[in-house]
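Novice: These are the residues of each chain, in order.
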Amino acid sequence: MPQEYLKESASQTAGPFLHIGMYPSAAGLPIRTQEKPNVVASPSIEGERIRIEGYIYDGGGNLVTDAQIELWQANSHGKYNHPEDNQDKPLNPDFKGWGRAVTDFETGLYWFETIKPGSVPGPGAQPMAPHVSLWICARGINIGLHTRMYFSDEEQANAGDPILNAVEKGPRQQALVGQRSSGDGLVTYRFNIYLQGENETPFFDI
Amino acid sequence: MNARGNWFIRDRGIQPPADHPQYKSTVLRAPKKSLLSLQQTLSEKTGPVFGHSDLDPLDDDMIRNAVVDREPIGERTIVHGYVLDQNGRPVPHTLLEVWQANAGGRYRHVNDNTIAEIDPNFSGFGRCMTDENGYYSFRTIRPGPYPWRNSPNEWRPAHIHYSLFGEAFTTRLITQMYFEGDPLIPFCPIVSSIPDEGARQRLVAKLDLEETIPMDALAYRFDIVLRGRRSTPFENRMEGN
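If you read the sequences in order, they're chains A and B.
Throughout the first sequence, residue numbering follows our numbering, covering 6 to 211 in sequence.
Throughout the second sequence, residue numbering follows our numbering, covering 112 to 352 in sequence.
Simulated from the structure, these hints should not be mistaken for lab results.
It is possible that part of the hints are untrue.
Stated by the list, open to error - Below, a sample of chain A positions facing chain B; criterion: calculated Cβ distance under 7 Å:
1. LYS12
2. ILE25
3. ASP90
4. CYS142
5. ILE146
6. GLY188
7. GLY190
8. VAL192
9. GLN201
We put the beta carbon where it would ideally sit given N, CA and C, even for glycine.
Produce the complete structure using the sequences and hints provided.
Specialist: Quick look at the structure:
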């Protein structure tokens, strides 16, 4: 008999009322109203200030208006605020690098305010292009979906990224790249997520 | 910190598939393409760290944390247990977020319009952290079962939603806890999305008579297992390296 291990607990959908536990102000609860979990970086944090926004679509082209999306990223130097990142790079303890946003009940829009991350090493110490990790849960999603967003103005770095290169070239790869625009002095990356269908976003088993 | 190994590959045989047509909401929300298998990098092996500054004093007591003029109606209940990894080691100092319906089966949520009334003294919002031994507990009102639109006559068994982080972004998990003896469990299409009977049973909390508080609260025991990781730091070689 091979060595036995405990089994991971089974996942279950977060359901339509996930906001109560994870984003109570969106549920309409009069608690934690001062928390802004989609503001990842306060103004004092070093780095290029950016906004990431988009919509989540189901396989019928409908907006998903009851989803939550979580973000995990390195700081502008490419260092994670986590004990396992022992790179010799500056770390600001005030920047956790984590956030969560919910899609608006009416418009479906989600958005984060953050800073653009630096490059972190990937497999075999090969540098990865700057990216944020994303994790999506909602009613009808039985187990959370992992993906990444890369940055459209990092063409050269993206071309050498080992994870992007594991994805078929063309639309599948492009589906992982947020499109940069700037207006009113605000840099915005548009990143739509397609749960199913022709434009389905690549999701990861990690 | 010493180098540590990769997280175990997720056992998809005990996890619900994305598509489970009996749970109708999955039909248009389930990805159809294969998940891409990636080597874990620093981006996956790290994750947010939370602390007691993320908690308010009454977060672990849903009997008291939303009281306006009296305590909420329903069965006073303690839920407790351990968060372990697949190696059987405790997961210390990790955040749990829990949410649930009230005793009548109604969520305090702007989008819930089920027939049962809101209890103005109950929010269904709770948070706690495991201690250094991976132990957690919170106090609540036992949630009621409730009807929902899936098949024409569909009922959810009583349940509490759990969100857990663990030590890395890879260990993130959302699940639900059910109550021993609930006759609705075998009929629930969300429960039956889990393909393995043992895995379904492990989401059912056991009545824990030793931990009850006489003349006050019943207790249920619910342990959770997050992904484990290899003990050795040896990595597989990338092609071409």
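Novice: Determine for every hint whether it applies to the structure shown.
Specialist: Verification of the supplied hints:
With a least beta-carbon distance of about 6 Å to chain B, the hint placing LYS12 (chain A) at the interface is held under the 7 Å criterion. Interface restraint check for ILE25 (chain A): the shortest CB-CB distance to chain B comes to about 4 Å, inside 7 Å, so the restraint holds. With a least beta-carbon distance of about 6 Å to chain B, the hint placing ASP90 (chain A) at the interface is held under the 7 Å criterion. Of the supplied interface hints, the one on CYS142 (chain A) holds, with its beta-carbon coming within about 6 Å of a beta-carbon of chain B, less than 7 Å.
Annotation: ILE146 (chain A) was flagged as interfacial toward chain B, and the flag holds, the nearest CB pair being 6 Å apart, inside 7 Å. A hinted interface residue such as GLY188 (chain A) counts as satisfied when its beta carbon comes closer than 7 Å to some beta carbon of chain B; here the least separation is about 30 Å, so the hint is violated. Given the 7 Å rule on beta carbons, the hint for GLY190 (chain A) is violated: about 29 Å separates it from the nearest Cβ of chain B. A least Cβ separation of about 22 Å between VAL192 (chain A) and chain B goes past the 7 Å threshold, and the interface hint is therefore violated.
Using the Cβ-Cβ criterion of 7 Å, the hint placing GLN201 (chain A) at the interface with chain B is satisfied: the shortest such distance is roughly 6 Å.
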